[in-house]
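Residue-level listing of the chains:
Protein chains: 2
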Amino acid sequence: MTRKSYVRPLDLKHGRIDMNHGAGGRAAAQLVEELFIAAFAEADAGRTARGDDGAVLPAPGGRLVMATDAHVVSPLFFPGGDIGCLAVHGTVNDVAMMGAVPLYLSASFILEEGFPLADLKRIVRSMAHAAREAGVAIVTGDTKVVEQGKGDGVFISTTGVGVLPPGRDLGGARARPGDAVLLSGPIGSHGMAILSQRESLGFEHEIVSDTAALHGLVAHMLQRVPGVRVLRDPTRGGLGTTLNEIAVQSGVGMLIDEAAIAVPPQVEAACELLGLDPLYIANEGKLVAICPREDALELLAVMREHPLAREASLIGEVIEDPHHFVQMRTRLGGRRVVDWLSGEPLPRIC
Amino acid sequence: MTRKSYVRPLDLKHGRIDMNHGAGGRAAAQLVEELFIAAFAEADAGRTARGDDGAVLPAPGGRLVMATDAHVVSPLFFPGGDIGCLAVHGTVNDVAMMGAVPLYLSASFILEEGFPLADLKRIVRSMAHAAREAGVAIVTGDTKVVEQGKGDGVFISTTGVGVLPPGRDLGGARARPGDAVLLSGPIGSHGMAILSQRESLGFEHEIVSDTAALHGLVAHMLQRVPGVRVLRDPTRGGLGTTLNEIAVQSGVGMLIDEAAIAVPPQVEAACELLGLDPLYIANEGKLVAICPREDALELLAVMREHPLAREASLIGEVIEDPHHFVQMRTRLGGRRVVDWLSGEPLPRIC
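The listed protein sequences derive, respectively, from chains A and B. Position 248 of the first sequence, counting from 1, maps to 248 under the UniProt record's numbering, and the rest follow consecutively. Position 204 of the second sequence, counting from 1, maps to 204 under the UniProt record's numbering, and the rest follow consecutively.
Since the hints were derived computationally from the structure, they do not count as laboratory data. Note that CB positions come from ideal geometry on N, CA and C, so glycine has one too. One should not assume that every hint holds.
[Said to hold, decoys possible] Just so you have them, the derived chain A footprint on chain B, three or more residues with Cβ under 8 Å: (1) 25–36; (2) 96–102; (3) 106–120; (4) 152–161; (5) 184–194; (6) 325–338.
Looking at chain A on its own, in the form it has when it is part of the complex:
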């Protein structure tokens, strides 16, 4: 595609998406070239699909891991991030949680007619930046446009492909009674950053999303403690739901300590105000790790060496339980069952 085919460049300051941008003709090609390729090409080392419908990629051998996420977060911009970097982090993290090294991302955009090109540019730049930081290349993409009122600004689906080094075998079904459960840091920041923005809660200290790519932390952990059995990022549904998912997948129970689970004071305050439990609030830069008991202290120390897990803690243990309950020792010394997310859902958090 050559720039000279277009009469004038896109107006990236005041222009808006119109239905022509989705029609597969010249306007669509111009949008791809001047907005998407311009942003993604820097990071891609020449692998981005230029004008072809797919990208050809060197395959490093071994097993592949593939993961996908649709992103519909509202608002699109929030303290600590935006839908662009979130769409990279979410999928990079899903690939990393399988123990794989993320390599390639695809991105598909569903744009609403009338969406400002300046906002789209900001989002796409944020994606490109996040991809560069995560060491992944956005190698192929697609753009569709829907009429005003049939979408909501922009939705982004990303798919990640990574390679799984030989011998690695992590998964939610591998927890065993006696294993230790670790958490990489304080919970609830992403979900409460979104909700407090949406509800216009004017806190003195703004809550900032924890959105981050966790592949580096994972690589560090697995290099030093290869016996880790389960990694999972507690996103939608929060820590409570994640632990329940793993319990059911592995056919075990869990017993966790409320006192060991840190919640930032602003998140705590916002949760109280809105009547929410931090255990069910989404995180986008945290992980749960389960490993054999004898590796637990080593893993904890290793995690704390990494900037994204300085406040890691040992939060509990895997136990035998035919009902697959997650139980919590409360601060007051009692016990309660931590159920799956219940009550009102928190929509469009990621």
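With chain A held as given, fit chain B onto it using these hints.
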């Protein structure tokens, strides 16, 4: 995940999507298990990500091809197909056009609150059927829900990964002056099936979409004529736009014959009624092939052996042209330039 965790099964007859289905809790898990996994598991040979956020896949070595497409077609159901099979065919074809063997698909769904579960089930079954027929496994997925009025029923993004056999090197930049341009069959059926449904044109003979997976045709062609240089499916923007894209990518011109491009009579009639040019109408089961002139007749014969290209034709040649124009010899003996898609766009055709 065990079925017994849910109080009652999903009401797949009368139930509707609600915001809970997107919240990452029990309702979301139930939707995934009872609707998606139930449909996709048959086809997947155990590779589907069960409860994990990603799928672990054997990698067959060699280079990978990765392609993605967002699908926003309206209406969701149309003569000859639906958004489900279209979402499989579209991405399988993008992978196949690079000369690769499609292996794995991911699928991410953006569902509108209130969408009938019965319709979703029909769509998901259609995807599963299309994937089985195409020999690809839907290995991982994601589901998000947006409020009523912020989406339009269902949008589906699929990403495909395939493996490129050694020595294959196809791409839109490889056309050379003197090459032959072939087309696998009559054009315009998909786009006009959608438009005539949308405009409620009551034709005597319903126009049926040509949506189909082309990987088998591609394998057949490349096995017998390995020298093929370019393959491309003329989807959004139609044959006219596809030829222009290739001309610009390869830095060449093209000269095609109007008489050699078949248009089904119903498509011709509908185009006349709506004032549209079949050259810009989307296809979902056709391909353009460009090969050295000396291979052209062999390739034509090989294509016609395959059920999806019985009406293949030689439509023209690649020429030198510094302006990268696509010219057409008209039926009346004149010449005209076939520009990129111009005039009113045809939105949400795929």
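Violated constraints from the hint list, given by number and in increasing order: Result: hints 5 and 6 break, sorted rising.
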